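Peer 1: Next come the chains, spelled out residue by residue.
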Amino acid sequence: MVNRGDVKQKDKQMSNLVYKYMRPEHLPHIWCPGCGNGIIMRDVAQAIENLGLSRNNTIIVSGIGCSSRAAGYLDFNTIHTTHGRAIAFATGIKLANPSLEVIVIAGDGDISAIGGNHLIHAARRNIGITVVVMNNNIYGMTGGQYSPTTPKGAFGTTAPYGNLDRPFDIAGLAYGAGASFAARGSAYHVQQTINIIQEGIHHSGFSLIDVASVCPTYYGRKNKSGSAVDMLKWQRDNMIPAEKAAKMEPSELKGKLVLGILHQVQYKEFTYAYDQLIKRLYEEREANE
Amino acid sequence: MTTSKKLIINSAWCKGCGICVAFCPKGALELKDEKVQRKEDTECVLCGMCELRCPDYAIYIEEKDDEEARNQWVMSY
Numbered sequence: 001m002v003n004r005g006d007v008k009q010k011d012k013q014m015s016n017l018v019y020k021y022m023r024p025e026h027l028p029h030i031w032c033p034g035c036g037n038g039i040i041m042r043d044v045a046q047a048i049e050n051l052g053l054s055r056n057n058t059i060i061v062s063g064i065g066c067s068s069r070a071a072g073y074l075d076f077n078t079i080h081t082t083h084g085r086a087i088a089f090a091t092g093i094k095l096a097n098p099s100l101e102v103i104v105i106a107g108d109g110d111i112s113a114i115g116g117n118h119l120i121h122a123a124r125r126n127i128g129i130t131v132v133v134m135n136n137n138i139y140g141m142t143g144g145q146y147s148p149t150t151p152k153g154a155f156g157t158t159a160p161y162g163n164l165d166r167p168f169d170i171a172g173l174a175y176g177a178g179a180s181f182a183a184r185g186s187a188y189h190v191q192q193t194i195n196i197i198q199e200g201i202h203h204s205g206f207s208l209i210d211v212a213s214v215c216p217t218y219y220g221r222k223n224k225s226g227s228a229v230d231m232l233k234w235q236r237d238n239m240i241p242a243e244k245a246a247k248m249e250p251s252e253l254k255g256k257l258v259l260g261i262l263h264q265v266q267y268k269e270f271t272y273a274y275d276q277l278i279k280r281l282y283e284e285r286e287a288n289e
Numbered sequence: 001m002t003t004s005k006k007l008i009i010n011s012a013w014c015k016g017c018g019i020c021v022a023f024c025p026k027g028a029l030e031l032k033d034e035k036v037q038r039k040e041d042t043e044c045v046l047c048g049m050c051e052l053r054c055p056d057y058a059i060y061i062e063e064k065d066d067e068e069a070r071n072q073w074v075m076s077y
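Line by line, the protein sequences are chains A and B.
FYI, in our numbering the residues of the first sequence are 1 to 289.
FYI, in our numbering the residues of the second sequence are 1 to 77.
A couple of the hints might just be wrong.
Which stretches of chain A does chain B cover? Using the computed rule of at least three CB atoms under 8 Å from a CB of chain B, they are [unchecked claim]:
hint: 1; region: 17-31
hint: 2; region: 36-44
hint: 3; region: 221-235
It should be emphasised that the hints constitute simulated quantities derived from the structure, not laboratory data.
Source: prediction; values computed, not measured.
Even for Gly, the Cβ is constructed at its ideal location relative to N, Cα and C.
Construct the entire structure; sequences and hints are all you get.
Peer 2: Right, dumping it as structure tokens:
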């Protein structure tokens, strides 16, 4: 399946992981210096490597936006779809062949604004796809407009006096809509995020991993958050593991982010339930004949 | 099996964001002309923190089976 052309690992100087799971002819990527998306894309590749998934059986689906460039860089069966519809395409792929491992990579605006409807209904349906959200709190590709996850009072090019809306907590939204796995990772906490993504892929139902990314070019500049390094240090100092957060008061958690698996239960997975239904109807028809 | 590890920097892919420099526990990296390089008179312990957080995959630890290191191991016994 893999056609590397003339690109050899030795000529290009890259790690085994990058050579194995990415398309070196498209690297270096177009993301800005210090963008968290590159770190998160590596996390996804590492999680897939750790789980030992076959490249032929893994599908990466993405929508539109900075984060969605990942489908072009990762070397699997990939599809770059229309804005917000990544989950809709992924649902179709998963139903056509439930044995495939379908992973959606999307941005916060793509998944919660343009594709918000697909998100809540895929979560409700509990279809066995994994959604990795690269959440940078802003629309980066189009020039820094505020997104549904921009915190209240934060600045964007379309919110020059501060954003009036309260932000979405995407992991909480998925939980509220009935997802059986909702978790949060971050660009800074690399090992934890790799483990969480692994758990999410391993989980049989709908799993959503909201990964806090950093956007130094738009969000950082507009909000005087400093460089990519400062933004990653903010994540280091303000993210609290889920086990510790469970023992804390809500007032102590104000302005902090909880890291880890926030919610995990087992419901019947949709493609399995669909297969069971077809089997039952066939059996009933045969019995009637 | 004896393996040898080596820090490799691919300057062509480095965008000079400084993340690896900031999170190197040994302070063994520095930026020069917006590219990362090894800082002189410092020790690299090959922990791989730079590789984990480099958004551009421009710095990594190369691990390979090293014949010379293996022979050294044999000779020491």
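Peer 1: Look at each hint and say if it fits the structure.
Peer 2: Each hint tested on the structure:
no. : hint    : verdict
1   : 17-31   : holds (count 6)
2   : 36-44   : holds (count 5)
3   : 221-235 : holds (count 5)
The earlier numbered hints are all upheld by this structure, with none contradicted.
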